[in-house]
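Chain by chain, the residues run as shown.
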Amino acid sequence: MTNLKRIGKALQPALAIITLAAGAGVSRAQSAPAPALRAMSDELARNFAALKTQPTPPYFLSYEVTDMRSAIVAAEFGALHQSSESHRRQLGVTLRVGSYAFDNTHTVRGNFARADAMMDRFSATAPIPVDDDPEAIRNVLWFQTDRRYKSAVQQLASARTNARVAIAAEDSSGDYSAAPVTSFSEPVVPFQLDRAVWEKRLRSYTAPFAKYGDIYDANASLEAKVETRWYVNSEGTQVQISEPTYRLVLVAHSKAADGMELPRYETFFATTAAGLPTDKIVLDAVDRMIRDLHALRVAPVVDPYTGPAILSGRAAAVFFHEVFGHRVEGQRQKNEDEAQTFKKRINQQILPDNFSVTFDPTIRKLGAVELMGSYRFDNEGVAAHPLTVVQNGVLKSFLMSRVPIEGIPASNGHGRAQAGLAPVARQSNLIVQVAHPVSHDELKKMLIEQIKRDNKPFGLIFEDIEGGFTITQRFIPNAFNVLPIMVYRVFPDGRQELVRGVDLIGTPLTTFSKIAAADDEVATFNGICGAESGAVPVSASSPALLISQIEVQKKMKSQERPPILPAPLAQPVRPTPSHGGAR
Amino acid sequence: MNARMARRAARATLAVYLLIGAAHTAGAQRGNSAAPANDVVMRAMRDELARSVQQLRLDTLAKPYFIEYRVTEGRARGATGRLGSLVGTSTGSGNRLMQVEVRVGDYAFDNTNYFGAGFMPQAFVGFGGLPLDDDYQEIRRQLWLSTDRAYKQALEALSQKKAALAGRSRGDTIADFSREVVTNTTDEVPAAALTDYRTLETLARDLSATFRQSPEIYNSTVGVSESWSRELYVNSEGTSFTRSRTHATVGASASTQALDGTGISMAYGAQALTFAELPGRDSLMKGVRDLAGRLTQQRHVPLADAYDGPVLFEGAAAAELFNTVVAVKLIGTHRPVTGAMFASLSANAPGNDWEDLIGSPVLPRWISVVDDPTIAAIDGHIAEHYRVDDQGVTTHPTTLVDHGVLKTLLTDRAPIAGVEHSTGNHFGFGVRPMNLIVTADTTVSDADIRSKLQALAAAQGHPYAVIVRALAGTSGPAAGEDPQEFFMAQAQGRAANGPVARAMRVAKLFPDGHEEPMRGAEIFGLTAASFKEIAAASRTRSVQDVNFSGGGNILTGGGVGGPVLYQVPSLLFANVTIRKPRGTTPILPVVAPPPR
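Chains as they are written, first to last, in this note's numbering: chain X, -12 to 570; chain B, 596 to 1191.
If you're looking for bench data, these hints aren't it; they were derived computationally from the structure. Owing to the predicted nature of the structure, the values given are computational and were not obtained by experimental measurement. A few of these clues could be false.
[To be verified] Sample of chain X residues at the chain B side, in silico, Cβ under 10 Å: (1) 68; (2) 544; (3) 548.
[Unchecked claim] Cross-link-like lysine-lysine pairs, in silico, DSS-like; alpha carbons within 30 Å at most: (4) X:352 with X:267; (5) X:544 with B:747; (6) B:1103 with X:198.
[As the list claims (entries may be wrong)] Computed footprint of chain X on chain B; a stretch qualifies when at least three of its residues, placed anywhere within it, have a C-beta under 8 Å from a C-beta of chain X: (7) 644 to 656; (8) 681 to 695; (9) 730 to 738; (10) 805 to 818; (11) 1178 to 1189.
Idealized CB from N, CA, C, for every residue including glycine.
This is chain B alone, in the form it adopts within the complex (with noise of 0.2 Å):
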């Protein structure tokens, strides 16, 4: 159980409404077997391409050097309840959404890796929705209409890339495009049918009914969904790939206020491909009543003393840490031509220091860390995987670090100095980790991890040691956290000189083995280069699905956000610093609930 997991699964309830908005009758109509029907779906997008590459050109300037067409469709279920009643309901048919991309130029120099004025991403001048019916002339029509937008948006763009950089030096030669090899892939799932909505509702419904024992917290969600998508996408190069996959998750989260005012939250979550392969009912119940346990003892939990010394990263706060610290370090993507406007901006933008580090160590010598986007499962954790990447790239197990050494970064079609081909992991916007492996040769087990953390202590003079379970989500405000402080907060970069990281789950661990819990802990003084100094590992490791920030920007370059399972060992570091919240917070409400 563990907090990000929950909380991406409650994110993934809410993103499945946004998106796919609600699937009933029409769905129904339809049957759930896609197949056959998106055969015209499939013919369409064939058509429309092959007539573009032929035929698509504005006057005498440059046609098209690639295109590629894009297709998603989905259906989802969901409810959502609160102290046993549900919140919303929506029903609906399902969505259909295309993406075009349209380039221009050629593989070295195209209207890619630019950001200047009147700049537009092409992945929303290509988007738009698609009809519901298979109809094969109505398709056509919106990708012959998306694809005349993104080709001349490609145009502009190129013609001001080349403005941009006429009269200055391109501080590199890398290619914009990288070319890979032709595969056309079918890796999909059998559609079956969605779990009825009354089983949806009431499973909602008395999960969230749980809370109601519970009047110390004052707000609580649970969602529950379930959902199937597939993705047809063509390029102009040949490659093809139909995909699909279902999903079913299950998230509680919930909120209150610590005895001093302070926001505090924490979730629960579970995830499986189908809603019959989730935990049982008994168990998501204990899941949710666990929650509210911690939840309401946590308010009664003092807070975090100004501590300086060895920390023990325990499970899940372990892979929190490296998500934050080291992953957002693992992509290589490529610096962005900039337009006059924003050249000193970008020129002084921090980006990734780990780019001029490939061959270098990184890490101590006796751990190596690989992606690998291809295995189903992880210690019996459900792994999100695919045989090709979103641009049709073939997956495969890349190995980052190798005892230390950093060996490549992740990476796209757009190759960056040392990596030029594509690792195979663009996944939605842009390039992201898919299943992070982290092994360590040397590893010692936990009862000797304890031990070294307690010796590390009485060397240093401490009265006690300090262990980090869980890190908290910086996804919203907290219960009784003014949203506007949050926001503001936010976005004037709380990690600039602020925490690392806040601690949700840490206690002090005494020299007699007795731990006293604390809270609101913030961590500070830990770097990618601390990460050189780790003291210890443990040998058994944690899987853990975190919501992976993308780190970069859209000046440097950068990942994409999105979930990532990762699994790491408990981290031992020898120095490192804890500091209690600084600021005012919030009082308590001042009239008590209504009684239950």
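If we strip away everything but chain X, and leave its shape as in the complex, we get (with noise of 0.2 Å):
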């Protein structure tokens, strides 16, 4: 098992449309309780004051059932591949020995202990019948407790002996902290989606690319979803939450003649049906689409560099989410395999002192946008609060699940999971503010001074970027690497042109210092977000940025070449010509 983890995969590259039940800040009336939410309370009462009766018995004690309806129709050419609907539900149970400050997730140091606590990490959950019958429900999570409370004993036991024979740990903090008890319940929102309509209108949004003989995968797909969280644990904190999200996807690929592949993206997100695009957005999309792709073919590709660039509010918002927000997640402060950039640095600059970072799940829109990485309870429990993690260019605070880690003992409701993983400190909205902005116009202009007087022969604009990801871990150098998709080259006479083939490569702080401006026109990335705990939504916001100096690298090339024989067409479309130019 390697021990190199691929972070972010991350923000899959797609405008997705959320839709939440209420609007921001609208506080849902509570509701009672669902009957798989009191199944969960009885069967952890009973379980819990059992336990107590044993010679190791639990001090902390959770459940998490995930409700999941939702329905897939996809369609690729034109044609229809998939429509499809399921309802299941995921239990996640965190079961603690010992005690908040040493218990058994006591991080083991040494040899096979990632892969150890990795296994675990998968093994806490189990499907729940969908069915209320709490007979059926409880049967589940009493199995499944035993399962963790047999192996909870053990990790205590080796956990107690790591930590006498390995040296004192860098971080003295405890393992679990205390939280608020709350309780919440809002109502369930029926899942509802007529699929006969959207098959049509996925055939319709992908019928564009079957014209043309050189895209050899376009595909449109939407997922809509109700995910209802029942949230219960020893401490008396109840929470019954529910949120519907529609997500459309598209994808497109072609291949230039070296073999290169070509992508693009484009993703809608909502929290309502009526939150998605037009048809007419959607199909002006899959035209631009179509339009690059063609020019990408033909795009001339660069060779390695480094110089100025702009990321635009897009790129950068990716670019932060990968290269800052995981390296603020609060876990790998105290984990003593990661390199840990910022530890040590709370109340110190690390960004220019325009600049601030927040995350805040309670926001539900920025601007005209709906945003993915917003919630009300995180899967610990805790309650959403907007939280500063950079202000004026100081690094103020971490993002915090229930593990506390040295100077910060609490949660801030960051602890989030994919049903039923167990939870880890991750990221929600990010938002870059920055104060004094420039125009666009003017952050360009700029960039070509930068240009000229670097003596550059060119610079480079980053329009729209795939994802990426970066290592955070400290037996490897810490470097991150961005795949750009839409890469414009800036001559020093403000000619820009299309070009293909570089990621964008470096390492945080050198990149972090470089950060010259920034513009006024802030732009959002939704995508899904893959770490420790599974994949999460979230969402990240950022003006443009000019950069003094980045470092580009060659691509990655598939060595295979495009298909020998054309396309079998009825009639093909010659692709119509695209000049290159930032939009």
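Each of the two chains sits in its own frame; use the hints to bring them together as a complex.
Written out as structure tokens, the structure is:
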């Protein structure tokens, strides 16, 4: 098992539209808890009380059941590929023995420790019956609690031994923190989607791609979902929340003559079906994707290069998510395999002094765009609230789950996980705010001045980014790699040209120190982020940034050339010529 | 009733879910009669195949000498219940998948039968989804892209294979691909409408609710499913077929811990061509109730004692033993050419030693074995059967062992020494028996075989003899067993130095005829050679669905896994070793189960 953790394969490019049942700041009426929640609460009380009489009693037990009603419709090149609906429930159990100060989850340092911890993360989950019969639900809860209890007792014994044989840990904070007891219940949102309507729409969205023989993959998918989460713990917290989301993703691929894969993505996210874009907006996006792909096929390849660049708002947002966001996740400051880039930097300047970064799961929209990283309670029953991580360039805090770190003893509502997995600190809605921004035109002028000043042949504008990954651990250099899709080369005379074939790379502290300016147009990237606790929805918003020096390296490239025979089309259409130009 | 069969049914339910997803709206809209619509699919396949055969060629490199297209489409409906509740629901539009195979070189030497760095099985290269809509243009587009990928991969594999052989001599000169008679076959069943979800869900709820009366059983599920699938096939030699089948299953599985902590599990299942033909509700309820009763009883049964002596493998256990020990020897596959990196590994990997025994005695003179993929039923049990195999080769009964002498092995179009043509046994990704029938000329009655067992035990001085009635499945961890430990043990090859099999139902038979059950018996010391010394076979033969493991591996070749129907008499062996399991067992649940 490799130790290389790939964080944030993240931010799948996609314009996603999430529909949340209530608008921003509207608090929904509290409603009666569902039968499942009652069964969970009864079984939790019974097990906790019975296990309390054991020689190694638990001090904390929680159940989270995620009820997922979802539909997926997918089409490719104008034809339907999938249309299905499902209803399932997934259980996550957290059982802790020992004490808040030292419990079974205490990091065991040394060989194999990480692999063990990883296995454990996935073994606390099980499916739960979807009927509301308490007997069937309680049977699974009981069986899984027993499994968790036995493994927790074993873990505690080996953690205690390890703590004795290993050198003292650098971070002496406890293993879990107390959290305020809460009770919250909102009505369960009914699930509705007219699949027949969407089958038709998705066929129409992907039909335009079918005219071309040089687009090898073109699909559209809609995932509509209502996720209802029930959470109970032995401290008395009970939460029932229910949130609908709709996400429409368009993906198309072409290939350059040299074999390079050329992807293009568009995603739309809303919390209501009505919040999804109109057919006209989607079809315009489709046309743009087709034009871009044809332009990319003939775009020149850029050689490795260092020099000034602009990251568009969306690109900067992904950049911040990958390069900054993952490094302020609390548990990374504690784990001694992690590089802990920012650990000792609280109250120190890490960004230009006009930059602030907040994580705010409580806002639902930024401008007209709905945000995917919004929630009322995290997966540990802690209420969401806004958190300023960087204020005027100075690092103020980290994203915290209920696992404390030195100097930050409590959760700030960022303990998040995919249904059934063990929560860790994860990002929510990341927002980069900049005081004294310049206009976008001004930013471009500044780029050209920088190109001239540095005597560079050109600079780069990263217009759109597919995603990226970053390494936060110590055993290999702490680099990041961001995967751009639409990159323009800007010459000193202001001309610009679409190029391809480069990845944006670097190390975080150096790159942050080169941020020179930002514009006043904030853009949002909605996506799914993947890390230790699975896939969670997040957003990142940022203005465009001018960076005085970036580095690009050659993109990994498929060695397979485009298809030998032409596409078997009845009437092939010639691609419309496209001119590069930043939008 | 037998556990393996039920496991198979349970697995089938799951597999159907995984593969086919769900089958609601679109299926209903498109109607359930697939025939006319599918003409579009077949036309797209034929047209793109013709174009590829005529035009596909990269520069001056070799053209393909063989191309095949296979499209599989299906719809399935199912429901899984647990203690009277549904575990999840899923409905959908069915699926349609394609598989493209391209061969370059010639029949004697081509890109297949090779394993080395960068190797990618053809089955994966040319695999992909097709639209559910009967969209001629789009189906051709997907076939075009898959053919292109498969062709390029084939060219690379051929050059690597040539490189791997450069400077080394090939162990044999057997052809890579056999020439077979061109066939055009229609082998279809009427596509009836699938049963409505409500009926399936009600049955899954009701059957699974049976376990509410069994507080000693920790985990239980009951799956009910019905499916329809159809395959369309064309190749560049002119062979084509369409085949369709329906299938309905009910499978219950339950697990718990015995009083000493060891995990125990059992299963029950039934299958039929359609949901309507499954056993009636009362009969299914009884089957599940019996399962619950047997498993509950098993908790209290004492562990096996060590024993070396005569053992009777009765009913299901005989088929399961034959499946584990002998059936894997009946598969003939070409050992692949390996790249330098794997050459020594391959040379040291044990292959199938029966490949050298064609023409030699391998079983007692009074036993014969036939595989018959053409029969529809054995003694009332539904048998999976086809007119042609997955490569379009006409199926027929194959006598594998004739009065003890090995006549041939089962093959597909990859010949082996001594078997130049396919026996028509390519199913799924490789060679598999379909319906294995073991016949004994000399048999004894059930009563006589028991007496013979007792006599042998007495002669060896044992106070009792042993009867094995069912072997344990190895498909997943039992309740209370740590899944991690289970899979570690699986990965390390439990079988290498470990037992040949683990008995699930086993009893001591005392001289006065009374029986005492045992549990957890591990069986050692039985090899294919032991079958030459079978002491007796019963007149009655049981028919059992057993999951065939496939046997081989990527370095040696070998069969592929899948269900096989067996008809085997009970078998008496004079010398078998039985041991109780070693190692630690988990403790019983700390907290009592929730009140019911």
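Here is what the structure says about each hint:
1. Contact between residue 68 (chain X) and chain B, as hinted, is supported at the beta carbon level, the nearest pair being about 5 Å apart and thus within 10 Å.
2. The restraint placing residue 544 (chain X) at the interface with chain B is violated, with a minimum CB-CB distance near 15 Å, outside the 10 Å limit.
3. The beta carbon of residue 548 (chain X) is positioned within 10 Å of a beta carbon in chain B (closest approach about 8 Å), and the interface hint is therefore held.
4. Between residue 352 (chain X) and residue 267 (chain X) the CA atoms are separated by roughly 22 Å; this keeps the pair inside 30 Å, and the hint holds.
5. At most 30 Å may separate the alpha-carbon atoms for a hinted pair to count; residue 544 (chain X) and residue 747 (chain B) meet this at roughly 17 Å.
6. For the given pair, residue 1103 (chain B) sits about 74 Å from residue 198 (chain X) by alpha-carbon distance, which is inconsistent with the 30 Å threshold.
7. Counting residues of the segment 644 to 656 of chain B whose beta carbon lies closer than 8 Å to any beta carbon of chain X gives 6, which meets the minimum of three for the stated coverage.
8. With 9 residues having a beta carbon nearer than 8 Å to a beta carbon of chain X, the segment 681 to 695 of chain B meets the requirement of three or more and the stated coverage holds.
9. A count of 5 residues in the segment 730 to 738 of chain B with a Cβ less than 8 Å from any Cβ of chain X is obtained; the coverage claim is therefore met, three being the minimum.
10. Under the rule that three or more residues need a Cβ within less than 8 Å of chain X, the assignment of the segment 805 to 818 of chain B holds, with 3 such residues.
11. Counting residues of the segment 1178 to 1189 of chain B whose CB lies closer than 8 Å to any CB of chain X gives 8, which reaches the minimum of 3, so the coverage claim holds.
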